[in-house]
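The residues making up each chain are set out below.
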Amino acid sequence: MGEFKVHRVRFFDYMPTAIRAMAFNAHTERLALARMDGSVEIFNFTDHYFQEKVIPGKDSRSTESLCWVGGRLFSAGLNGEITEYDLENLRPKYSLEAYGGPIWTIISNTQGTQLAIGCEDGTVKLFEVLEEHIQFERNLDRQKGRIISLSWHPSGTHIAAGMMDMIRVFDVPTGHAVQRLLVDRGFGGSKSQETVVWSVAFLSDHTVVSGDSAGKVQVWDGHTGTLVKTHLVTKWDVLALSVSKDESSVVAGTSEGTVIQFQFIAPTLHQQQDKEWVRTRTFKNHTHDVRALAEIETAIVSGGMDTHLVVRPLLEKFDENTEMAEITLAGFDSVLLFFPQRNLVSCAKKAGLLLFQFPGQLELWRLGDSDGHDGRNTVNIVDSFQTKGSDHICCSALSSCGGWLAYSTVSCVRIYRLQTDNNNISITKVSKLPKALRSAHQLCFSSDSSKMFAASSQSSVLVIALTQSECKYVHTLKPKSGQQPIHLMTTSVDGKWLAAANSDCEIRVYNLQKLKLHCIVPVYGSCPSAMGIHPTTNNMTVVHADQQLFEYSIVEKQYTDWSRKLQKQGLHNVWLDRDTPVTHVTFNPKNPNQVVLHDMHMFCIIDQSLPLPDQKTQFYNQMTLRSLSEQERPSHLHAFKICKTFQDLLCVSLLDDQSLVVVERPLLAITSQLPAPVRQKKFAT
Amino acid sequence: MVVHAEIRMVHRGGSKINFREPVITHDSRFLLCAAGESVNVYSTSTEEYVHDLQGHTDLVTGVVLNPSNHLQVYSCSADGTVRLWDFTDAILIKTFIIGYPIYSIYVSEKHGGVVFLVVPMANYKSSELFQLVAVHLPHSGDQEVEARELSAVLCDVSHHPGAASFGREGEYIAAVKGLQLEVFFFKKQKSYRFSLKSGMKKGAKNAFTCVSCHPKEDCIATGHEDGKIRMWRNFNQKKEYTYSTLHWHHGAVNTLCFTPEGTNLLSGGIESVLVHWHYTQENQKDFLPRLGAAITHIAVSPDGSLFCTSHSDNKITIIQSCVKVSAVIQGLVKGDGVWTNLIIDPRSKALVLNGKPGHLQFYSLHHDKQLYNLDIVQQEYIHEEGLDQFEVVKAAFDARGDWLATVEERRKKGAELEINLKLWAYDELTQSFVLNTTVTAPHEDRITAMFFSPSPETTMLVTTSLDGHFKAWLLADHSDANAEGFWACDFVGGYHLLKPGCCSFSADGSLLSVGFQEVVTVWSPASWELLTTLSQPPGAIRDLCFGRLSCSKYLLGASTKNQLCCWNLLTCSLEWSTPMDVSLLQTDPLSENIAAFCSQSGSSDLFVFKPSEPRPLYSQKALCTGKVQHAVFAPRDQMLESCEERTQWLNRSQLYFLTQHMDLLTFSTKTEEDRLLASSKQLMVDDSVAVTPFYLLLGKHRGQQLEKQEALTNPMAERTQLPQGSIAIKELLHTPAHVLPSASFLCAMFVRSLLISSSSAREEKEHEEGEMEREKEEEDSEGEADPRLGESATWGHPEEFGAPALTKAQERELRKVRTFDHSWLSSLLDC
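From first to last, the protein sequence lines stand for chains A and B. Counting from 1 along the first sequence, just add 278 to a position and that's the residue number in my numbering. Counting from 1 along the second sequence, just add 79 to a position and that's the residue number in my numbering.
Bound-form chain A, shown alone (with noise of 0.2 Å):
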């Protein structure tokens, strides 16, 4: 594997913020999350929860609820607005104010022809979703006290509303509320307080569902108004319910971060009437409230007050065409969605700088000598920026040479020149921009630093050259086709190649001195989540959300040799079951056979002089190898070089001096700066 300095930082503050609200749609398989800090992210269901997108967030802008319209994807948030994104500029389209104080839920009926919300003063209202805008229709019935959480029949004719202490059934045609549901309150001491319905749902055989801050999961008959099931389910508070497509299963999510499932089963099984809900599976995912729950077919889907995702399979894959009906729960792991899939961490090469991005601030370091430890030289730039836009950071960017500095808003790009002498860095910032800079999803410098690529609305890229003086626009490449936002970028060293991938999972590569496109990779089913541009054969090894690895010549337009030997043997099934995805690809400028891979949980070093694992291998060989005599080892080496000793990796990166610089935010201090989550008697404390 060669021996390394590694530089460990642990020294980033990265803090993700807590998930708010969820919705899936079901027919795009999309999953969109909003954050506390009302960022809003969008996971492709079908390619391994591949984080596809993330809108970033605004200070003043909180999320309560999301709702998918078709494709369009709403919010409403308890500064009273109604909100669409721009889903292929990752921004909000537009805001509207709905005029009935905070909101704190928003649904849709199934036609998508309307929105309804819930108010703070005890309003219900509704809205007609047009082709580019939405448009006040009318109020329901007004009560006394907020509307919590909303659920709309399926047929539409009737919406349930969860207020204080109580559920009210309205009927749409006429905005009269029909049924009112009194909740119990608590048991002792909460006796006095007012019972929340956090969430209801209403199914289509006019069942009504709720969760209550009494920690009852409450089943009601909507026709009758009568009560039918209660099951105490937590001492805390039910925050988030979700139903089945085929209603037969319904989710809730609790104060003490459990799941607990509620199915719609019949007594004996083989007549199937008389089914009642009956509380089966228990899940403890979570440490904090789970906030946001989806129910979709395969999986529950749960996020809260801890910040993860953790998708939790219902059920294995098996075997339609054995006899007997053989049913494992081997692969019941949970998959959990700790970090972004994305690039926090910029690392100049050549001068040895770190810039960790966070949402409102970037912080530049510089990494130490080997024994001595490293200086910390933290450069706040954005705060002086804070009054004029309350816009979080989506994309940062170092040049290698660690002269210049770039970040973009969802508003506005600033570019900052670096001066180093000695110990101490000069920030100038550059004050003429080009005006076709408006906004960038990601930004990239070539690496001699004479150039700046910015990926912009459509696909596009912007090359803009940058001298000692001035940037000037040089040119826009821009695609034939593709609308979708670009996620990734990459730059040969020769600084002749540009490589761009969209989540439409086009890769194109553009020739730089032609400033003309120069091929389209191959499409592939799944997003890359990685690339980089070998430093002498030009040859780009693409990682995708699948963890299939592909290398592509780009002077050949063709793939390897290499990389068709290892697509004709397959990957190993050790490497193919990981669940998080690579997120960085380097080289090894002294070992040109050497890939530099890692995702969160482990690096890997691929050597392609070396025999590629097939499936009886053992994969994760290091342990064995260091047993082995020097005489046995070289028939047990395989190309991939697992390393494990580094958990929780930002950022892998091999520095021009052979010194590795591994980012790691250990999940640990993430969890101690969490508030405290409710008491819990434990057995046997």
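Calculated directly from the structure, the hints in this document are not laboratory data. Each hint can be trusted.
Listed next, the in silico PhoX-like pairs over lysine-lysine satisfying Cα-Cα at most 20 Å (straight line):
1) A/Lys794 <-> A/Lys774
2) A/Lys868 <-> A/Lys919
3) A/Lys843 <-> A/Lys894
4) A/Lys553 <-> A/Lys523
5) A/Lys627 <-> A/Lys729
6) B/Lys307 <-> A/Lys562
7) A/Lys628 <-> A/Lys868
8) A/Lys707 <-> A/Lys729
9) A/Lys729 <-> A/Lys628
10) B/Lys364 <-> A/Lys513
11) B/Lys307 <-> A/Lys960
12) A/Lys750 <-> A/Lys729
13) A/Lys627 <-> A/Lys868
14) A/Lys283 <-> A/Lys628
15) B/Lys364 <-> A/Lys960
16) A/Lys868 <-> A/Lys283
17) A/Lys710 <-> A/Lys750
18) A/Lys562 <-> B/Lys276
19) B/Lys295 <-> A/Lys553
20) A/Lys959 <-> B/Lys364
21) A/Lys792 <-> A/Lys750
22) A/Lys729 <-> A/Lys792
23) A/Lys959 <-> B/Lys307
24) B/Lys284 <-> A/Lys960
25) B/Lys95 <-> B/Lys435
26) B/Lys266 <-> B/Lys189
27) A/Lys627 <-> A/Lys283
28) A/Lys562 <-> B/Lys284
29) A/Lys507 <-> B/Lys364
With chain A's structure known, arrange chain B on it following the hints.
Below, chain B without anything else, positioned relative to chain A:
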């Protein structure tokens, strides 16, 4: 051995009653449980032993009620038979020979005439693979029927009886093994398998331990190693099966049981708490804590009113409506081991040995019942593995049973040994032992032997220890009359710093012999003078004992180097010696006989001999596997009068011994078994109370009293009993229908027996109720024209009976009927 066919080794008393799940009968009056080679029947209300169902020749491995006749039970055994019993009368109805050792039995109402058995897989007889087979029981009039048509239902099942259960209406059977649950549907002939991960990641042990199916709904409850209970539903779906989890137990769930209506689920484990889950509201549960020991089985009566739990300390607890423990049936406690020898309490004649941790148990061998537990250690026992606790290691009674001496010790790793010697005085008032003296650290090292002097004049205790000393302890006479005497050390003896291993008093207490490794020293306890030393090297002395009665001049010693030596104390020379690896010597207190257990090539042999005679009285090779460490001669209640030479040694006392597997075994002779068999036939059945020996005793006594009274009041009475009250009619009414002759035959006889004259009927009255009363009543009875009225009254009160008069001829006829009646019934009973 053909020669000793008349002497048989039997399990008598002390068998495991918690081995398999007990069964409560339909009327909740009896509790049946497998106990060794028989099935014991207990009364649920009085917790007394009623009778047993004997016939199996190996361990009984399962008892179930016959679903088609609630007065019958099936039992299965490792001897390869299934037997059908009438449990009220302890009659064996049928024996089905299967031919394979059976490990458990399941029946279902829907599968009439079919029993489901767990037998070893045919190809792997010796291995640990078992299968569940269905056996169609053939209809045949014979007593013994071969039923060898086995059809396999499930392969590779667990032999544990809790690992399979029939579902609602017998439609499916659920079986668990390891990490797999298998549900087999009979109608579709299809099975579904559900596997769990081994789940060692978070320290959770997912393996299944037991299963129980809901009786009314399709829900399967499974218990797991990590204490979780999973409730499986929709298990006929490939994909949509689901389960919920209940978790209270912190140890493995040992057993699960649904109540008959399915409203509650009962579970139990190591925590000794019966947990009562409400089926629909899973988070509501009730507890019945402090049941004494880990729960191994739970059974519910068919009406759901009684629960019973088996516990690991060989106990069955009967619980009424989940709140109250109403009865405890306690068997011989077999704890982790027996460190004290088997001892007979001279007062109660009970067997005394280690019971619950830190206790001595007093177990009545004659009644097969634990009398009481004596808390020796008097410290809280903490149920946790890996803790070093005090254990009673030695106990001894003096000759009259007034004093009990106990030694308890605690050995911690790397710490000093803690030993306490306690002396207990028998208190006549409380009828139990009261602590008199505690000696902490009586010796510096482990105590190897402890005996009271058998001499009636002095109460002296001798202890020998590995610290190289033996100590004599005496009850110090106290000048103050009010204060009780206490025990103090009287003498410390030793011999060349050798370690004493054993000691023994002669029968009169005049000599004490202490074995110091290879040397036997003989002391006079009166003067503490070393009288002589005897030695027969090589080999350290392992056990010593004096001969009794006519052989009291002999001293026997067993050494480690395969030598059994007999010294003549008069000549102080070796009388004889024989090469034997004797592990235990035991003298019979009532005769000269000495029993020697030898271990040879993994099994034990027994020799019973008199020291004076060269030939053993009795020998039995290959008694059992492993070394016999504990044995005792228990004196008999009644002497046997056997003139057979080989069985004579069993006349006065019985030899009990514990095998390595903690089975209490004894020897029984043919005459004894005959007598036992005869006594068990004297049972009668009454409506109100289950028949127990106590009831029989009381009932007999009361009957005699009544007879006497009647004789006093009516000296002229020809007959003392009325036909209705007679045993004949009662037995006719209560004999099971299948053993009665045809109804037409009985009917005429029965009706005739009801025609009774008032002259023959006599009221049973107290003395003080005079003639006046009687006359009045006679008038009353004359007023009753309809004889049936009087008859109906007799059902309730047979004493206050009046009936019209009968002629002499009728009466004679009636008497004839009655004698006839008796004869056939008694002949039936005798067969």
